[in-house]
Amino acid sequence: MAENRHSVLGLSDETVLKMYETMLLARRLDERMWLLNRSGKIPFVISCQGQEAAQVGAAFALDKEKDYVLPYYRDMGVVLTFGMTAADLMLSGFAKAEDPNSGGRQMPGHFGQKKNRIVTGSSPVTTQVPHAVGIALGGKMAKEDVVAFVTFGEGSSNQGDFHEGANFAGVHKLPVIFMCENNKYAISVPVEKQLACENVADRAQGYGMPGFTVDGNDPIEVYKYVKEAADRARRGEGPTLIETVSYRLTAHSSDDDDRTYRSPDEVQKAKTNDPIITFGQYLKETGVLNDELEKEMNDRVMKEVNEATEYAENAPYAKAEDALTYVYAEKQ
Amino acid sequence: MAMEMEVKDIPQKKETTQFLTIVQAVNDGMKTLLETDDTVMILGEDIGKNGGVFRATEGLQEKFGADRVIDTPLAEAGIIGTSVGLAVNGFKPIAEIQFLGFIYPAYEQIMTHVSRIRMRTMGHFSVPMVIRAPYGAGIRSPEIHSDSTETLFTHMPGIKVVCPSTPYDAKGLLIAAMEDPDPVLMLEPMKSYRAKREEVPTGKYTVEIGKGKKVKEGTDVTLIAWGAMMTVVEKAAEQAEKKGISCEIIDLRTLYPIDREIIAESVQKTGRAVIVHEAQLTGGLGNDIVSIINDTSFLYLRAPIERVTGFDVPVPFFALEEDFLPTPARVVEGIEKVVHF
Ligand SMILES: Cc1ncc(C[n+]2csc(CCOP(=O)(O)OP(=O)(O)O)c2C)c(N)n1
Ligand SMILES: [Mg+2]
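Chains as they are written, first to last, in my numbering: chain A, 1 to 332; chain B, 1 to 341.
These are calculated hints, taken from the structure and not from any lab test. Wrong hints could be hidden among the right ones.
Ranges between beta-carbon positions, derived for each pair [stated by the list, open to error]:
1. A:Asn167 x B:Thr121: 30 to 40 Å
2. B:Phe19 x A:Lys271: 40 to 50 Å
3. B:Asp312 x A:Trp34: 30 to 40 Å
4. A:Glu266 x B:Asp312: 39 to 49 Å
5. A:Pro316 x B:Glu108: 40 to 50 Å
6. B:Glu108 x A:Gly208: 19 to 29 Å
7. A:Asn306 x B:Asp312: 54 to 64 Å
8. A:Lys66 x B:Thr282: 19 to 29 Å
9. A:Ala320 x B:Pro257: 34 to 44 Å
10. A:Tyr326 x B:Leu299: 43 to 53 Å
11. B:Asp312 x A:Asn167: 35 to 45 Å
12. A:Glu164 x B:Asp323: 44 to 54 Å
Predicted model, so just to flag it, every value in this text is computed and none were measured. Where is the CB? At the ideal position from N, CA and C, for every residue including glycine.
Bound-form chain B, shown alone:
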């Protein structure tokens, strides 16, 4: 199914594919970029010899050398700050932050430079670069490792934020991110890294940034999610179908800029929406999506919009992680609430 979507720049020869997980597709995307563009470099902690703590960079240092795939000292401000310098000097860095929760030493660099260099120099300088970070809960690595802080970055004009939920999109979004003239943060849902495999083209292709994907057609309610929550939403939809409720599912894929059209088009059809994310409710991206629906589709609504999210507390410890995260059951509750309003 993914094969019909936004496949651009497919090489002329008959397309070959590989059967990959998300993390393998990310690896393959970086490999493709390193092969096709000499200015691409990768920087991060444990990414070289070790191949990354999640194996996302496995084999890349061996193939492309320690000059292009650099094991950096343990200091995130240095990783991102150095990437800024590389980008200013014509290189295309891909910086890996080991877990999104360890990005804070680099937050200053991202907030004050990565996102603003183009604006404050009227475009004389720009820093096209990709920051990759595994994120999200569900693999029992609590305390900072499990947070979903995407809105810290969507609330930051000058950087784009993408979050693939499938192997195909992971590679396509990564390549699109590197080809984008502006910096892009790619959030990689840890929980889904190895959850499923699909056919991924071996060559270069992109998935357009700023475009969501309709994963399933339906008529009664629109479910909107991204990343690891896609699996939860799909399960919930199956359960709701059994109760006679037809769900349309949208994978947002890009968290900034959000695809307003795909949301509006769907909600105007179904008249109902349930937004699902693992981040805390307050300040969560769900609120921006509610605003988009309000702005574009208010008069089509047949029920108030429902949000099924994490709670307003830090992601809890191992044993209680599942109680924090939205579950199919909680999503079904949300669906029934809007349908029976």
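Only chain A is shown next, with the shape it has when bound in the complex:
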């Protein structure tokens, strides 16, 4: 039996199983999107694969009723935890009119869903970071108990938007959690060519906040650090920078060929640490998961993926005139 590391954090067996199922759902949805892309049905995929543990571990540590999340394009695990459904994601993947969040206007992977406090983001990387700071400032002004959680890649932590946002939050001690999902690459450029410091978390010091580098393949570890950061934020002690280290298991996107810049061996090696496998093992070794439960879970997930795919594929596209709407407030 492996050591049970979740109970001490107040995570029930039921909760960790739910975490695992959310990770699985994200993975299987993403895999389906690649298939659909390769058969010419959806225009673009950008993957969560390899980062599900960090995403789900973090999102479970937040308050789904109160907190805001500002995800970046890989965060399927975050948005599924916060209430987006497989069908929502598929409708967006196909860019169908019925996509409830943008009517097919946002790129797949560019999430946003007001009812679940998932704040809309766009393509230019890191631009969401200062938005989180503003949301947190608003929460503080209104004396609301709100934490703003924002994510971005390690390459993106070089943009001014990160530094300006982090500094603002540090100066005003705002309830923000900056989570950098370090997957070792920014498209083709390895992290050594992006950062002069060793860890993204080192950057926290410059902005007067604590910074932590954690194992992004371990959802329990990520949960622990994000929970502590959220507690600190709620106590008025200001922001935290958390760097989750994992590995991007797919090409950057469906438009990228990663064989030009990294070896298949390296990818193969990283796959032995695939969090879907390692967390599944942990759950079995701690007696939380067994083969029967696992089969039920897999069947449930695949059913959801299949239904979502079928529904979205058959849904109609928007009408051409729809492109003219919502640019300004509609006249009453």
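Please build the complex by placing chain B with the ligands on the supplied structure of chain A, with the hints as guidance.
Same frame as chain A, but now just chain B with the ligands:
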């Protein structure tokens, strides 16, 4: 046909050519520049080992080294700001912005320094550099990736803006841009990157900045376009010819400074003009072209000038992209409107 145009500086030996796409011609242009001038450097995201997300810089880092072909950190203000410093210090940077839609972090550097350093120092400092950016819609990469924001830069004295639509012009304009004493933004129509091939000289040659090109002679109407819209306009012209309308086609090639003569000469002959661009109508470059025609050729006009453009909304999502972009059918409508005025 392109071979008769503005071929300058052709090496003495018998010219050899390669059969290249636009993106290959851009690559070959950079290769030529790196080979012939030690001060040329290339900076950008994913341009080194990966060879660029569109493969425009393929093989260049391998050949010229990671010191001259630099994979920069992911930060556009840094790319352009650093290029300014390099240029001030005697180097000739070519900065790649991965998509024109990601240029905004660098917009401050371009607006406040790249375009003004010469003016505010009475020429003591200057920043000859090239900024390259793939742009335009039509490859289903919506949201910011597909915008045509050329007028953000034509409305900026101090920088020149070029936009090739053929492989020959792509290489020739790139080399001319690098040899120009002033900064030049080269917009590369993504949709046309691999659409056609043509013979491109292997050596060094330039296509003069500020000169349009008459692509086709005609008598009834002048069609003016650039970049990926050239294909649309050419198709429209074919359809119009079938209806007995003779179209003259101008590829503007340089968006600032605009070739006023080529426009005036043609419109004074045909008496009619249709301007086609994918950018939104309001604030689009078409309006400047209308003004040029107004200033130079008003009394020759036989019909009001027509503009066929994108709509005043952000470029829409995948499924509706084609509804936003001018199509041959919409251009033909514009042609018929001016001809039957
Ligand atoms: C401002 C801006 N510049 C360039 C891009 C193109 N681009 C998209 S993702 C990406 C790499 C991001 O790397 P990283 O921040 O490490 O995140 P990852 O994709 O690895 O999760 C680049 C260069 C962009 N979207 N926005
Ligand atoms: Mg990364």
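Range first: 19 to 29 Å. Now tell me if the beta carbons of A:Lys66 and B:Thr282 are that far apart.
violated (42 Å)
Determine whether the Cβ-Cβ distance between B:Asp312 and A:Asn167 falls within the hinted range of 35 to 45 Å.
holds (37 Å)
19 to 29 Å as the expected CB spacing between A:Gly208 and B:Glu108, which holds or is violated:
holds (26 Å)
For the hint 44 to 54 Å, verify it against the beta carbon of A:Glu164 and that of B:Asp323.
With a Cβ separation near 38 Å, A:Glu164 and B:Asp323 fall outside 44 to 54 Å, so the hint is violated.
Can the suggested window of 40 to 50 Å be confirmed for the beta-carbon pair A:Pro316 and B:Glu108?
Given a distance of about 43 Å, which is inside 40 to 50 Å, the answer is holds.
With respect to the beta-carbon atoms only, verify the hint that A:Tyr326 and B:Leu299 lie 43 to 53 Å apart.
The hint (43 to 53 Å, Cβ to Cβ) holds, given that A:Tyr326 and B:Leu299 are roughly 44 Å apart.
Can you let me know if the beta-carbon spacing of A:Ala320 and B:Pro257 is within 34 to 44 Å?
Given a distance of about 36 Å, which is inside 34 to 44 Å, the answer is holds.
Mind checking the hinted window 54 to 64 Å against the Cβ distance between A:Asn306 and B:Asp312?
violated (41 Å)
With 39 to 49 Å as the target window, see if A:Glu266 and B:Asp312 comply at their CB atoms.
holds (48 Å)
Is the distance from the Cβ of A:Asn167 to the Cβ of B:Thr121 consistent with 30 to 40 Å?
Since the Cβ atoms of A:Asn167 and B:Thr121 sit about 32 Å apart, the hinted range of 30 to 40 Å holds.
Looking only at beta-carbon atoms, does the pair B:Phe19, A:Lys271 fall within the given range of 40 to 50 Å?
Taking Cβ atoms as reference, B:Phe19 and A:Lys271 lie about 41 Å apart, which means the hint holds.
Per the hint of 30 to 40 Å, is the separation of the Cβ atoms of B:Asp312 and A:Trp34 within bounds?
holds (36 Å)
Checked against the numbered hints listed earlier, the structure breaks hints 7, 8 and 12; every other hint is satisfied.
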